[in-house]
Amino acid sequence: MRWRRLVLGAAGGLAGAGVIVAGLALRDGPAEPAPAASAGTPPRTVRSTAPPRPAAAPPAPRPTGSVRIAAVGDVVMGTLPDDLPPDDGASFFDPVQDLLTGDVVLGNLEGTLTTGGTSKCDDDSTHCFAFNAPPSYGRWFKKAGFTVMNLANNHIDDFGAEGRRQTFAALRAADLPFTGRAGQITLQRVHGLRVAVLGFAPDEGSADLTDLPAAKRLTARAAAMADIVVVTMHAGAEGADHTHVEPGTEYFLGEDRGDAHRFSRAVIDAGADLVVGSGPHVMRGMEFYRGRLIAYSLGNFAGYKVFGLGGILSTSGVLDVTLHADGTYASGRLHPTELVPPGTPEPGGDGIDLVAGLSQEDFGPHAARIADDGTIRHP
95 MRWRRLVLGA
105 AGGLAGAGVI
115 VAGLALRDGP
125 AEPAPAASAG
135 TPPRTVRSTA
145 PPRPAAAPPA
155 PRPTGSVRIA
165 AVGDVVMGTL
175 PDDLPPDDGA
185 SFFDPVQDLL
195 TGDVVLGNLE
205 GTLTTGGTSK
215 CDDDSTHCFA
225 FNAPPSYGRW
235 FKKAGFTVMN
245 LANNHIDDFG
255 AEGRRQTFAA
265 LRAADLPFTG
275 RAGQITLQRV
285 HGLRVAVLGF
295 APDEGSADLT
305 DLPAAKRLTA
315 RAAAMADIVV
325 VTMHAGAEGA
335 DHTHVEPGTE
345 YFLGEDRGDA
355 HRFSRAVIDA
365 GADLVVGSGP
375 HVMRGMEFYR
385 GRLIAYSLGN
395 FAGYKVFGLG
405 GILSTSGVLD
415 VTLHADGTYA
425 SGRLHPTELV
435 PPGTPEPGGD
445 GIDLVAGLSQ
455 EDFGPHAARI
465 ADDGTIRHP
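Under this note's numbering, the residues of the sequence shown are numbered 95 to 473, in order.
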C-alpha cells in the first residue's frame, strides 16, 4: 500500500499569501492535480484546520545545592521492664547530640517501642533477644535530631503485630518518619530537593534484601521520584568475628543474612546514591562503587544494657556525608563514637583506624580512603 503527499494551492498564490499548506496522505493511486484558477477569478484561500504547534517547552532546570546526611548503626535505648536509662531516657543522647546534625539523620531502630504484644523469646532462651522500650521514647529520638528511623531489621517483630503497631504509632506521635517496610519509600524534602530513604533486610515484612530484582525495582521507583536516594541495609553475620565483608551470602545461627556486597552494588546500579549498613553489631569497611559510597556497617551506636561491650563491640561512629543535588559524592567524614558501660553513646574510640584498615583489606583499589581525622575520600 503506497502513500502519496498532496500539496494544495497554486504556485505563488498561496505561498505569497503566507497560507499554511496542509500535507494530506492519500492511499492507492497517484495524486490528483489541483484545479487551475479561472482567468479573472482570485485564488481561493485555503485555511488549515490543524492546531498550531505549541512552542517547545524549555528544559527543566537541573537541581542545585546539596544535602547533608548523618547516619548511625544499631540503636536500642534499653528494654522493659528494668533495663532502661536514667531520667526516663531524656538525656540519653546528649553526649552525641552535636554529631546528629544534618538535613537527613538516619538510624536503625533495633527493637520496638511497645508495652504490648508477646515476646518471640521463651523465658529460658539463651540465644534469643527481644527489645521493647516504652512508646514515649519516640520523642527522645526526635529530640536527638533523627529525621527518619529504619525498621527493616530482625527486631521489629520482637513483640509481634501488636508490638509493630505500637512502634509505628509511637514514631508517628513523635512526628518521626520511618522506613523499611515492604514496598515503602520514605520521602523527605530538603532545600527544594526530594530525598528518598529505603530500608532493606532479609526479614519478613521488610523490603526484602535477598530478592535483588524486587530491590532494584523499588530503588528505581524511588530514583524516579526523588533527586537523591539513600538505601539502608540490615545485612551480614553478627559479632566480633564478622568485621569483614565476606563474598556471597552470609549466614548466622542458620539464618540467611543476605549478600551485602552484591546487594549494595545492585541498588546503586538501580539508582541509589548512598548505601549505609547495620546489623553485624560491629563496624565494617567502606568502598566506592560507580562513585557512590557504601558503608557496610556502622556498628552499635547505642545499646543500654542490651549489647556485649568491650573492644570492637563498643566501637562505632557517625557517618557524615554531603551529596550534590544530582546524588554525586561531595564530601564525607566518620566521627568516632563508643559505647560506654552500660551502653551509652559518647564521642571517641578507635572507629576511624578500624574502618580505614578494614576498607583497605576488603576492597583494595575500591576502598574509601579514610584520613586520620575521619575524612572520607574517593580511592
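Note that these hints are calculated values from the structure, not bench results.
In this text the structure is predicted, and so the values were computed from the model without any measurement.
Some hints could be false.
Derived DSS-like pairs (lysine-lysine); straight-line CA-CA distance at most 25 Å [claimed, not checked]:
id : residue 1 : residue 2
1  : Lys399    : Lys236
2  : Lys399    : Lys237
3  : Lys214    : Lys399
Just the calculated beta-carbon pair ranges, DEER-fashion [to be verified]:
id : residue 1 : residue 2 : range
4  : Asp188    : Pro157    : 34 to 40 Å
5  : Arg311    : Arg471    : 17 to 23 Å
6  : Gln191    : Arg275    : 24 to 30 Å
7  : Gly342    : Arg283    : 26 to 32 Å
8  : His472    : Asp444    : 20 to 26 Å
9  : Ala314    : Arg266    : 33 to 39 Å
10 : Leu174    : Lys236    : 16 to 22 Å
For every residue, glycine included, the Cβ atom is placed at its ideal position computed from N, Cα and C.
Now the hints, each set against the structure:
no.: 1; hint: Lys399 x Lys236; in the structure: 22 Å, holds
no.: 2; hint: Lys399 x Lys237; in the structure: 22 Å, holds
no.: 3; hint: Lys214 x Lys399; in the structure: 19 Å, holds
no.: 4; hint: Asp188 x Pro157: 34 to 40 Å; in the structure: 36 Å, holds
no.: 5; hint: Arg311 x Arg471: 17 to 23 Å; in the structure: 32 Å, violated
no.: 6; hint: Gln191 x Arg275: 24 to 30 Å; in the structure: 28 Å, holds
no.: 7; hint: Gly342 x Arg283: 26 to 32 Å; in the structure: 39 Å, violated
no.: 8; hint: His472 x Asp444: 20 to 26 Å; in the structure: 24 Å, holds
no.: 9; hint: Ala314 x Arg266: 33 to 39 Å; in the structure: 28 Å, violated
no.: 10; hint: Leu174 x Lys236: 16 to 22 Å; in the structure: 20 Å, holds
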